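Colleague: The lines below spell out each chain.
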Amino acid sequence: MSVDTSEVRRIAHLSRLAMNDDQARDFAGGLSDIFAFVEQLDGAAIEGVEPMAHPLDAEQRLRPDAVTEPDRREAYQAIAPAVEGGLYLVPRVIE
Amino acid sequence: MAQETLSGWVRKLQAREISSRELTQLYLDRIERLDPQLNSFITVTAEQALAQADAADARLAKGEQSPLLGVPVAQKDIFCTEGVRTSCGSRMLDPFVSPYNATVVERMNAAGAVMLGKTNMDEFAMGSSNETSFYGPVRNPWDTERVPGGSSGGSAAAVGARLVPGATGTDTGGSIRQPAAFCGITGLKPTYGRVSRYGMIAFASSLDQGGPMAATAEDCGRMLNAMAGFDERDSTSVERPEEDFTAGLEQDLKGLRIGLPTEFFGEAGLDERVRGVIDAAIEVLKGRGAEVREVGLPNSHLSVPAYYVVAPAECSSNLARFDGVRYGYRCENPEDLMDLYTRSRGEGFGDEVKRRIMVGTYVLSAGYYDAYYLKAQKVRRIIADDFRRAFEDVDVLLAPTTPELPFALGAKADPVSMYLSDIYTIAANLAGLPAMSLPAGEIDGLPVGLQLIGNYFDEARLLGVAHQYQQETDWHARVPAAFA
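Going down the list, the sequences are from chains A and B.
The opening position of the first sequence corresponds to residue 1 in the numbering used here, with each subsequent residue numbered one higher.
The opening position of the second sequence corresponds to residue 96 in the numbering used here, with each subsequent residue numbered one higher.
I should point out that these hints are in silico values taken from the structure, not numbers from a laboratory.
Treat the numbers as computed from the prediction; the structure is a model and nothing was measured.
Treat the hints with caution; some may be incorrect.
What the hints assert, rightly or not - Cross-link-like lysine to any residue pairs, in silico, SDA-like; alpha carbons within 25 Å at most:
#1 B:Lys507 to A:Gln40
#2 B:Lys507 to A:Ala24
#3 B:Lys507 to A:Phe37
#4 B:Lys507 to A:Gln23
#5 B:Lys507 to A:Met1
#6 B:Lys507 to B:Leu541
#7 B:Lys507 to A:Ala82
#8 B:Lys507 to A:Leu41
Using the sequences plus the hints, can you model the full thing?
Modeller: In structure tokens:
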């Protein structure tokens, strides 16, 4: 399968990656090659095969519903790009 | 001095022939003098290392015995280290000073290891040459015009050049084994679930696994003893009784059944000279009593394509957390929230990471999920089933680690040709099996790696086979002339 520049821009938007036309053009070739490469899977004998999500087919482990983590808000906020009054700052969302 | 192995240093430290401070200083000096040629470290933590060394010396003076007490190590910069930048090789995390330690780091600290610093790597562990790092490429100590492999290229180059006796790596599709092969060292990817992923920055969570990289199999076993173990903070950590991974080192090879997967010796892309090295290694193992037979892994040719659906899918989901809000890189003057997200990510990620995020987003998007993702997961199972059948007849599998010798920087410009350099390593990740690479020869002054793949939880046996091979050969003891 081959992807063109507008398709690359569509995927970039879904991926939340800023991308202009020149960049999209640069990515189109490599992405087309990758999608063509993975088409080899089309010939696989997988009828009736259960999909494998996890190497050990493990079940989700449960734990008691108890607080185990200490409050580390200050340490976590210290590394944020912008905070104020214990809140993370982002550009105004509602005008 | 730098020829000594990690295990050798542990013994010398226990015997008080050298102090941890002296040893730490020796390696810090080597890093300062020699690393400018390699770029294998992103961050060197000299002050902290000397403080850890003093603490280790105090414990040694009290007669304490701990598996890594006083010995210098390096952490791949994918493992979170409290108070130390943890960049994952990315501009996105260049400003990130982790507020906590990965379980692997905690466990190695508790075992008395001294951390010299954080090693360079492909950005977010996505690469096979260490050329995608935000901090510049790492160079191969055997030939600085060539790549060290990736993504754990910094750890491999640092150990290969003996700038540190042991380092951690992570392996999602070959990222411990391929650079170990390229740099002439020993590296082990354990069974999925053996080593906690807590604090190990996620790339593809159903494939990622941390492991040791060092000169010898004995060193790797010793490091794995400190690294492995159940961790309730990793939901896929395996709960098993504690195990001594050095227990099988002295086991002889009489009657050991080694399988050679015919598909890994086919003509496609395998350098004849590499094949010659592997054939010679097989003779060494036969000479120690092993029996060799061919086995089939008929679906292994689908490993790389299946991986390049599954791994990007998981990556696109894992890397969604990097949004410029809570930590990491944020773009200047965002106009609105969407602009903040897309520009922070567009400027913070490099091209290979973006490519994989886009592939993953695409294969998971509405209308394509069944055609790509579900299909790849089914192929993953038939690949794992091939291994299951093979291990009914043999104890370990043996193959080349890589089809070719370390390549020149810049040689693989198109993504698919780079992906194919992991053609022999990826299948073990898809199945979740333990696998390792060890040095088995040299061609034109460049090292060649031998790969051993084991059944689930059979690390001790793998390390034993490798150790027996290393009793008979000295490839693991060779150091590139410029770093001897």
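Colleague: Determine for every hint whether it applies to the structure shown.
Modeller: Hints versus structure:
At roughly 21 Å between alpha-carbon atoms, Lys507 (chain B) and Gln40 (chain A) fall within 25 Å of each other, so this suggested pair holds. Distance hint between Lys507 (chain B) and Ala24 (chain A) is fulfilled; the C-alpha atoms sit about 21 Å from each other, no more than 25 Å. Of the pairs offered as hints, the one joining Lys507 (chain B) and Phe37 (chain A) holds, with about 16 Å between alpha carbons and a cut-off of 25 Å not exceeded. Between Lys507 (chain B) and Gln23 (chain A), the direct Cα distance comes to roughly 20 Å. Compliance with the 25 Å bound is thereby established for this hinted pair.
Restraint check for Lys507 (chain B) and Met1 (chain A): the C-alpha separation of about 22 Å stays at or below 25 Å, so the hint holds. A threshold of 25 Å between alpha carbons decides the hint, and for Lys507 (chain B) with Leu541 (chain B) the separation of about 18 Å falls inside it, so the pair holds. The hinted pair formed by Lys507 (chain B) and Ala82 (chain A) fails the criterion: a straight-line CA distance of about 40 Å is larger than 25 Å. A hinted pair counts as satisfied when its Cα atoms are at most 25 Å apart, and Lys507 (chain B) with Leu41 (chain A) qualifies at roughly 24 Å.
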